[in-house]
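A.B. asks: Residue numbers (this note's numbering), protein chains in the order written: chain A, 1 to 135; chain B, 1 to 400.
You may find that some hints are simply not true.
Said to hold, decoys possible - The calculated BS3-like cross-link candidates involving lysine-lysine, where the alpha carbons are at most 25 Å apart (straight line), are:
| no. | chain 1 | residue 1 | chain 2 | residue 2 |
| --- | --- | --- | --- | --- |
| 1 | A | Lys73 | A | Lys60 |
| 2 | A | Lys60 | B | Lys315 |
| 3 | A | Lys60 | B | Lys381 |
| 4 | A | Lys47 | A | Lys73 |
| 5 | A | Lys73 | B | Lys31 |
| 6 | B | Lys31 | A | Lys2 |
| 7 | B | Lys315 | B | Lys381 |
As the list claims (entries may be wrong) - If you want the footprint, here are the derived chain A segments under chain B, 3+ residues with CB under 8 Å:
| no. | segment |
| --- | --- |
| 8 | 80-90 |
| 9 | 115-126 |
To be clear, the hints were calculated from the coordinates, so they are not data collected in a lab. Every residue, glycine too, gets a C-beta built ideally from N, C-alpha and C.
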Amino acid sequence: MKIHARTIHPGSARGSALVSRAAISFFGGVDPDSGVVVEAGHPLHGKSIAGRVLVFPTGKGSTVGSYTLYRLKKNGKAPAAILNAQCETITAVGCIIADIPCLDGVALDEFVDGLFVVVDGDQGLIETGAPFCEG
Amino acid sequence: MQLTQQQTAMLEGDFGPATRKAMQILSALGKIYGAEHMLPVTSVQIAGVSYDNLGEAGLGFLDEMASGGGQARVLATLNPAGMDVEDWPALEIDPEFAAQQQRVIEAFTRMGVVASCTCTPYLAGNVPHFGEHIAWAESSAVCYANAVLGARTNREGGPSALATALTGFTPAYGLHLPENRRPTCTVRLETALNDPAEFGALGQAAGLWLQNRPEGRVPYITGLEHATLEQLKALCASIATYGGAALFHIPGVTPEASQYSPPALALTLTRAEIDAALAAMDDTTAADEIDFVSLGCPHLSLAEMARLAALLDGKQVKKTFWITTSRLTKLAAERMGYAQTITASGAIIAADTCCVVAPIRGRFQALATDSAKACYYAASKNRFKTRVLPFERVVEEALK
């Protein structure tokens with residue numbers, strides 16, 4: 001399926017979707033060294049966002065979270081791409097400084113964990129295919 | 001969004017990689033918030049200076065921007081650092097931390113950002129005038145600039161404020177537009193307030209009511225005929241911390257209030273609500289555990305330094321007592337002899353920093369302060385028990 005979305009930061013990526021119905025706070029909510037979500041009670045708690053196409057409604061929390069995305073990238077633990085329903089300042093700035101493709105205006109219901117997703121940030125295009133086998 | 005030729009050139013990298021990244025940040029924000037164009041600004045205040053908050057990642061980003069040729073195009077000043085930049089050993093700061101903090105400061109100064117290291121830029125040479133478009137981070141200063149000075153700024157984060165410093169532009173949305181500056185509700189104050197701690201209580205009570213209001217967060221505050229700079233400074237810090245407010249209007253006090261009349265939607269605050277707000281911030285169970293006392297959130301003004309010197313004259317403090325202020329205010333206080341009186345008492349004048357951004361988690365158990373904002377961050381960031389008391393009683397606490 002092809003989905004058109006608004007580009008917040010360009011670039012292309014592909015990977016397996018990781019979907020959260022809850023907002024994400026990168027500062028304090030994600031371990032910058034491992035990429036694992038550490039916020040207690042968060043639906044993604046214990047899961048790693050590294051290399052995934054991370055799909056979530058919107059960001060929350062401290063503006064320092066932008067720097068957490070940058071640190072994840074430097075550690076090789078950043079998501080391959082970020083897809084939001086409604087992007088906000090913290091995530092947008094983080095994706096720009098870390099050079100992570102980011103699009104928004106997507107419907108979360110069109111994604112499930114493990115779905116193979118190709119993101120073309122330059123064209124504002126998302127393609128979803130068969131569930132991705134991580135083997 | 002419409003970009004000028006110069007802005008497009010910045011985005012395409014003609015001004016170097018740092019300016020390109022800066023313009024990418026600003027155009028993304030403009031897109032998210034529906035701005036139609038960019039506005040030139042005259043002043044910037046950048047937050048995210050303490051290494052305690054930035055960490056290696058933040059420092060890495062700042063280094064990258066400085067190495068990428070980033071240069072401030074307008075007056076840009078800095079928020080407090082994690083230590084007194086000149087006399088950090090007096091604050092028992094770890095030398096490793098101090099070295100990293102110095103690298104942060106150097107990255108900023110290489111970009112031509114003035115290392116003022118204060119949350120009160122309006123007391124340290126960065127004073128925008130009425131109607132000017134600016135881009136400030138530091139929520140208390142944002143509120144002061146919008147409400148008290150009548151300048152126009154959104155609540156910027158560290159990177160977006162830096163981006164504006166390096167380009168001279170900010171996207172035209174939010175509080176830059178006149179229609180978003182009108183009051184959305186009324187806060188009716190029906191009691192007299194005195195100490196800055198009571199203005200902090202007003203900010204806490206109004207702020208908690210405002211924070212999730214769908215109508216917006218621009219209160220029109222009635223019942224105050226006069227307020228000092230120090231009282232407004234305390235109100236700004238508190239209402240921004242507890243309510244996310246970036247602007248308020250007070251008839252007879254702030255410059256835009258006369259354009260408006262009070263909205264019908266109203267909150268009434270009597271002495272009972274102010275006392276309840278004070279009580280909510282004053283953890284009396286900490287009464288016997290106070291081991292840290294601090295004044296200067298936001299940074300103390302020169303008038304407050306004089307007030308403090310009079311209270312400490314000839315006395316000796318018994319607890320760790322940090323007086324946080326800007327370097328400029330400290331210099332003026334030295335010339336007036338206030339600083340000598342304060343330090344003779346054993347209190348420490350910590351310039352460039354404050355108890356919110358210094359790396360002091362785990363060093364103390366319980367804080368006494370007059371600041372509603374310091375109280376919030378002492379609890380959430382540093383896990384201190386906190387007592388909020390009037391200025392004189394905070395000093396008494398240090399002497400006990």
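A.B. asks: Could you work out which earlier hints the structure fails to respect and list their numbers in ascending sequence?
C.D. replies: 2, 7, 9
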